[in-house]
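K.L.:
What follows is each chain in one-letter form.
There are 2 protein chains.
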Amino acid sequence: MILVNENYQRLQGSYLFSEIGKRIAAHKGEGVIKLGIGDVTRPLPPAVIDAMHSAVDDMSSAQGLHGYGPEQGYAWLREAIADNDYANMSIGADEIFVSDGAKCDTGNIGELFSGTCKVAVQDPVYPVYVDTNVMAGRSGEYDSDAKAYTDITYLPCTAENNFKPALPSTPVDLIYLCYPNNPTGTVLTKDELKTWVNYAKKNGAIILFDAAYEAFIREDDIPRSIYEIDGADEVAIEFRSFSKTAGFTGTRCAYTVVPKALYGVDSSGAKQSIRDMWNRRHCTKFNGVPYITQKGALACYSEQGKEQIKETIDYYLNNAKIITSGLKKIGIECFGGVNSPYVWLKTPDGMGSWEFFDKLLNEANVAGTPGAGFGSSGEGYFRLTAFNTEENTIKAVERLSALTL
Amino acid sequence: MILVNENYQRLQGSYLFSEIGKRIAAHKGEGVIKLGIGDVTRPLPPAVIDAMHSAVDDMSSAQGLHGYGPEQGYAWLREAIADNDYANMSIGADEIFVSDGAKCDTGNIGELFSGTCKVAVQDPVYPVYVDTNVMAGRSGEYDSDAKAYTDITYLPCTAENNFKPALPSTPVDLIYLCYPNNPTGTVLTKDELKTWVNYAKKNGAIILFDAAYEAFIREDDIPRSIYEIDGADEVAIEFRSFSKTAGFTGTRCAYTVVPKALYGVDSSGAKQSIRDMWNRRHCTKFNGVPYITQKGALACYSEQGKEQIKETIDYYLNNAKIITSGLKKIGIECFGGVNSPYVWLKTPDGMGSWEFFDKLLNEANVAGTPGAGFGSSGEGYFRLTAFNTEENTIKAVERLSALTL
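First to last, the sequence lines map onto chains L and C.
Going by the working numbering, the first sequence wraps up at 405, each residue one higher than the last.
Going by the working numbering, the second sequence wraps up at 1405, each residue one higher than the last.
Chain L on its own, in the form it takes in the complex (with noise of 0.2 Å):
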């Protein structure tokens, strides 16, 4: 019989959502509100709606139809996510590679580099960066006292550091940083990020910069992407998606950036550029992302799109904003909600994620998630998301106020 990926082995279950879903179904009383929520719940942008329709009758005809496109996406969508999103950066269009996803991407992107290189992720983190480098087999062993990988080097990112990380202490070469951060929802400042770029630069490493909920910013000051930063293209690659930006879970479109200016070695010490290797990678194992979807993209940048974009994101803000100003008013702490769908809080009198999921559940009748859940370092935090309508959001809010802390 054929041998396996035996690195698949060490992978652990993901039984974060299927554990909360259970804890709900075993629930006895009616109408949980979710605050849990990962996803989006607001409709298309109609702008994107009108644009998908007409694509849609493009296709009804021998005329109009739109067979293979490039793999890279279309020029037209890929000028238009230059011009609008890296306006002022030195990033060009074919630095930029649309795709079905940044789950996808940031999945995927893992293929370019040797099966020895060291990485390093934040703790809490979105699964799926160390997920696949357990694929890869760089992960080394799971510990299952430390709940962690030996081989990874964990960033913790807690109250304490402000949920900044500290550099790597021991020499790491891929660095996955994702802000606006899932799950805690805080954020970087342009100088904070520029010591990541500074520390790549200095140690030779590649950051993995996932900027998924970028369209959240709202304050000055808060990169929108890496390359704001000064000479980061020598050492970054940014995943960005229409996904929570224009409602697009469902309808997947994203898009990464890996610049001309990118580089790693071979064993001979000659330098191999990573963009013509995403490139190579994209044209073999992908075939673009569907015609309708990249018109529907296309949409989020005209005036309207934008517009339409904007009050979507400022409804969601607006609900991180209620969450935050009632766990305030009864003495939660909590981080993130202002540039970012994500409330982070910190659970009261020390009691642990689940324990807190538990009072939540039964008392108040609303459902997050466990920071625990996110890595070790979450423990002690809880997830609350700002996807809900406002009228749940409020009331989740008032029952929450009722709760005896």
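No incorrect hints appear here.
Between beta-carbon pairs, the in silico distance windows are:
| # | chain 1 | residue 1 | chain 2 | residue 2 | range |
| --- | --- | --- | --- | --- | --- |
| 1 | C | A1025 | L | G92 | 21 to 27 Å |
| 2 | L | D57 | C | Y1015 | 35 to 41 Å |
| 3 | C | A1159 | L | Q9 | 42 to 48 Å |
| 4 | L | M351 | C | Q1012 | 58 to 64 Å |
Here are a few chain L residues that sit away from chain C, every Cβ distance over 12 Å (derived from the structure):
| # | residue |
| --- | --- |
| 5 | K28 |
| 6 | E79 |
| 7 | A80 |
| 8 | D151 |
| 9 | A159 |
| 10 | A166 |
| 11 | D191 |
| 12 | E192 |
| 13 | T195 |
| 14 | E219 |
| 15 | D230 |
| 16 | E303 |
| 17 | G352 |
| 18 | L361 |
| 19 | E363 |
So these bits of chain C aren't anywhere near chain L, every CB distance computed over 12 Å:
| # | residue |
| --- | --- |
| 20 | A1082 |
| 21 | K1194 |
| 22 | C1334 |
What the hints contain is simulated information worked out from the structure, not anything from laboratory work.
In this text the structure is predicted, and so the values were computed from the model without any measurement.
Just so you know, even glycine gets a beta-carbon here, dropped at the ideal spot from N, CA and C.
Let chain L serve as the given structure and place chain C on it in line with the hints.
P.N.:
Same frame as chain L, now just chain C:
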């Protein structure tokens, strides 16, 4: 600096289609008829257009919005696939994984297996099978004299063996078979395919069966699925696509069947479910196909959809017939084109593939694809496709018939 995946350096440039483009551009004549097209040209079926319009409308309200769907595809689509494409076969909806392309799946499937697995491919071959194994480190070095990788087993398919490859003479673990075949347009009978299933069973190999052109099968006794062969679910993964079936090359929907009965082993000899490993990969590195696209794919299984698809395929098959009849009349030996949109011709007088390309372009103003571009066993052959209009196909054959050969 970070060490790259050095396997990428063994990839050979794919100059086939760019070289064709250059020669056509350099050609002085006007009005070249392209019979080299590997992409569909007929519009999407009206049933698909209607379904997609309706799905776009769904996305315009909070009630109708579909966010993240199941990574494996919606149950309603997987069930329609199982009921329609695998009726009377032992394939259930939970063995079907909907994806954005057979290219992606045939490329990604290799991740499940050890880097030490031995790979066999047909020659001529769809380059993705080879290139993705080069990237994974299974190819060995490229031998530029032999135009082949040292560690890949090539199974020649030529007129001498009627394009039915002999079983490998040395042990292999992964066998890529594509039927109806791209590029030769040829097929295997049930008995012939059974030989392969038996070989795989006896030798502990897995067959990666690419059935992307299944919809073109019109003759009896030609298996549409490898699972028509008893016991194939223990040794085969099947790839199917809506691309050539329903004109989805720019709409992107495909699926892969990974049966529960299929196992590999780890180095301790313990059996490992390939289906479960693929499910884990799919959930970790993929986020599902757009809701709108899946609704379009579902419409392919409506009565109207089926009829409309048959009409389109009939249109292409009629073009193929025009080509094969024309070639035979002028004494050119050709293959395929009966259960396939591809016609594979033997160049007259042992002319080289590229020599024939130039002659056809310069003297008949018709472009096709040199067989040598698909592998060394393709030398002396040439591919014409049925994807142009009927009018152009007739005209091209008239031009060919006027050639002095």
